[in-house]
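Student: Sequence:
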Amino acid sequence: MYIILWLLFGALVGWLASLVMDKNRNMGLIANIIVGLIGSALGMWLMSVLGFGTVDAFSFTGLLVSVGGAAILIAIITALSGRRR
68 MYIILWLLFG ALVGWLASLV MDKNRNMGLI ANIIVGLIGS ALGMWLMSVL GFGTVDAFSF
128 TGLLVSVGGA AILIAIITAL SGRRR
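For the sequence shown, the residue numbers in the working numbering are 68 to 152.
Calculated from the structure, these hints are not laboratory results.
Beta-carbon label-pair distances, calculated as ranges:
{"#": "1", "residue 1": "Thr128", "residue 2": "Leu74", "range": "19 to 29 Å"}
{"#": "2", "residue 1": "Leu96", "residue 2": "Ala142", "range": "18 to 28 Å"}
{"#": "3", "residue 1": "Leu79", "residue 2": "Thr145", "range": "18 to 28 Å"}
Glycine included, C-beta positions come from ideal geometry on N, C-alpha and C.
Let's have the full structure, built from the sequences with the hints guiding it.
Tutor: This is the structure we're talking about:
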């Protein structure tokens, strides 16, 4: 059951981050889930590295941190893919 919740959370986070970064038309469901899950981990890691503590529950703060991490991940991917062209 938790896997389904994580997939739904990843899809929501990836979709919100793609809206923020104006990449929604370029991303599908699978990409949103992958970016959402990896971006969530990135956001949580950055929070702990910067000394803000950890967010380890489903909450509004966790959603904001996850969307921020996913947006950073989309920016990194965009910068790297633009450099190769």
